[in-house]
Amino acid sequence: MRTGRQFVRSLILGRPNTVLYPHEKLVLPQVYRGKHTLDFKKCIGCGNCLNICPNECMWLEKIEDPELGKIERPGVDLGRCLFCGFCAEVCPTVALHLTTEFELADRERESFVLSPKDIRDDAFASTFKEERQSRKLPYLDLSKCTSCEKCAEECPEMCIAMMPIEKVDKKKPEINLAKCTSCEKCITACPENALVSTEVYESYFETPEPRLLLSKCTGCSACARACPTDAIYMMEMPGSEKTLKDGKKGKPKKRAVFVFEKCVGCGRCFKACKFGAIEMPGVKK
Amino acid sequence: MEDYRGSCMREGGRSNQDPTGNIERAPLTIGEDPEEHVLRTINDEFGKSVEGSERVRAGLIRARLARDSLYDACKLLRDDLGFEHLSMISAVDYPDRFEIVYHINSYQSNIMLELIVKLPKDDPTVDSISSIWGGANWNERESYDLMGIVFNDHPKLERILLPKDTMYHPLRKDFRM
Amino acid sequence: MWINMGPQHPMTHGLWNLRVKVDGETIVDAEPEVGYLHRGIEKICENRTYPQIIPLADRLCYGSSLTWSHLYCMTVEDLMGVEVPERAEYIRVVTLEMQRLASHLMWLAAYAVDLGMMAGFIYSMRDREVLVDLLQSLSGSRLTYNYPRIGGVAHDLPPNWDREALRACNYIETRLKEYEDLYEGSKIFMMRNVDVGLLTKEDALDLGVTGPPLRASGVRYDMRKDRPYSVYSDLDFEVCSRPEGDCFARYRVRIDEMWESCKIIRQAIQRMPKGKWRTVAPRNAPVGTGLGRVEDPRGEGMMYVVGDGSDKPYRLKIRSPIFITVSAAPSMLVGYKMADVVAIMGGLDMCIGECDR
Amino acid sequence: MNLFQFCNGIIVWLVELVNNLWYWLGDVLPWYFGDFFTGIGDFAGSHGHIVVMTIVLESLMVIIVALINVLNFIWLDRKLSGRIFDFYGPYYVGYRIGGWLQNLADGMKLFVKEIIVPAKADKLGFLLAPVIFVGSSFLILATIPLSPNFGIATNESGEFVTAGVLFAFAAFAIAPFSILLAGWSSNNKFTLIGGMRSAAQMMSYEIPLLLTVASVVLLAGSFSFVGIVDAQHDIWFAIPLFIGLVVFLVCIAAEVEVTPFDLPEAEAELVEGWTTEYSGMRFGLFMMTSYLRGYAGGALATALFLGGWQGPSLIPDEIWFLIKAYTVFVVIEWMRWSLPRVRVDQILELGWKRLLPLAVLNLLIAATFKTMGWFSG
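Protein chains in written order, with my numbering: chain A, 1 to 285; chain B, 1 to 177; chain C, 1 to 357; chain D, 1 to 377.
Looking at chain A on its own, in the form it has when it is part of the complex (with noise of 0.2 Å):
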């Protein structure tokens, strides 16, 4: 029969293709999504891997580090971890990666929930190629900016456009992204040294932009404290001194300012207003 032929040749020809697990291992490639790893120092704590989570296995906890200060890093539960992949691929500065160690079974199920500092492994990063690509984009520090408008000539793509703000005196430089050839000349051409070349990764994810309601803004400033990426600045409105008892004019009212370059779309902006000035259309409280 050609059945038994078949086994013959299996028989005699055949090599065992199973693995004797304990003493050999499948080789797995560098996409395999295990357990997960944490760069301190590139992770920023926005919480975007919080919000892409189905599972809602992750958290961010405050934690004193002796070299970084007090910082939110982010922590897994590895019992609820669905190991979809999404909090790597959505983390804007590639801190986050999934490693290629599977062997995570044990006895309890409280030994699956791996705090930050579990899961730091800031050499990883180094061992790791990158898939998302980088490159580098001028950065706006909006406090040393002058308005003084050089960057916007210098660009051969002509891709800033100074944009005044509203209420406030003042202009800024808007850099669209998507022209930039990171020919870094607006960074040398900056005399207060405003614009700072960052390397940046791409995004496939379109994440939400707050809004200000200008109205409903007191300038209390949490925003910008809560901002893990620093693009939210306070700036003074002229104008809108109030005029004290005494007959002098008092501070000047503050407004945020956002720098739309920097933000990567975590809402903690949003959540940290009390007083609803800042609405991000599609997410929740």
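Worth flagging that the hints you see were computed from the coordinates, not collected in a lab.
For clarity, every value in this text was computed on a predicted model and none was experimentally measured.
Be careful, since some hints might not be right.
Claimed, not checked - Derived contacts from chain C toward chain D, CB cut-off under 8 Å, selection only:
no.	residue
1	Pro-10
2	Lys-337
3	Val-341
As the list claims (entries may be wrong) - Calculated lysine-lysine pairs in the BS3-like style (CA-CA distance at most 25 Å, straight line):
no.	chain 1	residue 1	chain 2	residue 2
4	D	Lys-79	A	Lys-25
5	B	Lys-118	C	Lys-43
6	A	Lys-274	A	Lys-167
7	B	Lys-121	B	Lys-173
Beta carbons: idealized from backbone N, C-alpha and C, even for Gly.
The hints should help you fit chains B, C and D onto chain A, whose structure is shown.
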């Protein structure tokens, strides 16, 4: 390789060339687009109860129908227009109404018809079409189970996915997880 | 005598119950009962944002998870109006056909062990491993790939992956020849399959049976050919069908489909253009409906999504091919022997994950 | 020296050793105690007692040999199927001897498992069925000699019983009764169907099996295994009665329920057939016994068709016999791993419509050869 595969067949020859595999085409007026033919026929027959019909894209047409004429329309669709396959029945709970969406496919003219029937919130009943397409049987049971739509004259309208003693219809929007 | 074949029974691949009424060994009535694995995925999806549903759609079917996440992405792209890059479409076709091969091989394994043939089980599972390894090196997981994204695919092909895929195709084709030897050369296999579980063309159309059982009943309808999605319209392949409508025809249709899948993978890899493999997907969907139809390894998979302008779907309806096919089981079972139950139900390729949702 | 004389020697030596104690006690103690012990010594030294003890020892040895063979068979089965299917098979337990100890480990696991008797089962039948099954299967081996010198169904001078073949097949045919009993008493639909299938199947395969045996007996002119094997001195019966060998192998496969014919325990449709409700070591006994029956089938095929222990005298007769039996077993296992299961109506059709005419044809061939006078005996 081809020869080899042929030799394994029981009755010789690749089955793909089998003439019985082809489907008879429905009669058409010459030069008429099959999709327009379907739309025109539905509009002619059920002009009063058609609440709107459109061509969404190539191969997909949509028609809105009053619920009274659903059974007759489906019978017409199967017998005269050659829609022999009921793909899916999906019930949607809108804030003001229920909608049942019948996706009916025609293998002959390769068209999918999206037939939408509106039901009021307080009386979600509609005629069962499981006597027209046998495949509608479990689809309707599922809609009853998860959304609470009652199908009249269904042979066995019972819960199918959930246990028999469940008290709620979980896909309704007022059911909170 | 009513016999409960299930919920825990070797015949049921998954968790479902087939109640059969037997007279001696002959079946006089049958009644499938499903719902043991109902997880309420449609309700869960209403509470998740659009990208978060992709890994959930993977969990619909353990046998061919990629098809379902691809179907979901396709449906949402239809709703949002996202253009997918051409390279991504070709990568999708390659992975989909690999998934089809893996799924059919898994079906073959289960079918062999249903008929009591250990050899077929172990050989098929061994060869499925080649495809699973390839998909793993591409997507990072072995069973639930989470690979398609709304507007493309998650990763580009790794270096040398296309060459490995072609080698895998050659390997699978040599193995397919062996399978044809192993199964059709065995007289007992033919005795168990020929003229067992007859499903006439009229019944198949009436009961809404789709996929290989429908094509085995003599209807030549394949979504990939007749209503092409993705880039199937550019590729050259045949629709496999047989007129008999018995278990052997179903087996044969699936084996033929595996040959065609190898053909499609070769063509798609040769024609694959360079370029981007992913675009940025919008966060919020417009108000409207989207419809996606694919040819799942088990039949016609459909999703119907209603968007309300937010970042979560208002309603997501999943059409599972097996859910409808299993409702047609009694018409195939009645009149045959009890041992034929495993052959007939095994030939339908049950996957309870997608059936119960 | 045959097995009886060997065991007799051991027993006589043991009895003498112990009798020293009784006679010494008889000497030392006062007469009313001493006579008692002397009487025990006399009884122990009597001919009848020694013969009975010898037979007990013989049975013990045969059972031990059979059990070791069963362990070998299970190991060979798993290892060989592993090699055929490209995996390792048993590997770690007994790493040096190719995982041979895995069976012992599995057996130990089965021993510590709980034995569950279903609440509504017929207790007596449920407990009796494994006993009958195991006992009858050991009984088959009683008359099968491994060599002229190694067998227990002999008289004191080593002559074998003349109707050994009849006894072996009679013992073979007891098992369906216990299977039916197990299936009925478990009070489970699957076991019941399994038991009924087993009865139908065994009945339809018993007839062609016995017809082929009859042809062998006809050619050899003897009902004893020794006579049959001696008659194959010139030519194995496998050559003139090739059809008979094929029919015999198929029927034996059906009798010991290996896969193409394992309908009574068809795991795909009847969960585990008639053993569904048995747990722990009861199931282990059933499984071990099915391998034991496989060994018995191989031994019967060897003795009836393959020339028994005859072969070049480089290696002992017993080893020859075992080599042949193992070969037959491997062929049956090969069939088991590679073929799908047949359906119940097909198996009966095969038995009545194919095998029975073939067996009759085989009998005719044997009768022809006998009439031509090519085989004398």
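Here is how each hint holds up against the structure:
1. Pro-10: holds (5 Å)
2. Lys-337: This hint holds: C:Lys-337 lies near chain D, its Cβ roughly 6 Å from the closest one there, short of 8 Å.
3. Val-341: holds (6 Å)
4. D:Lys-79 x A:Lys-25: holds (22 Å)
5. B:Lys-118 x C:Lys-43: holds (21 Å)
6. A:Lys-274 x A:Lys-167: Holds - the C-alpha atoms of A:Lys-167 and A:Lys-274 are around 22 Å apart, at most 25 Å.
7. B:Lys-121 x B:Lys-173: Holds: B:Lys-121 and B:Lys-173 sit about 12 Å apart, inside 25 Å.
Going down the numbered hints, you'll see the structure goes against none, and every one checks out.
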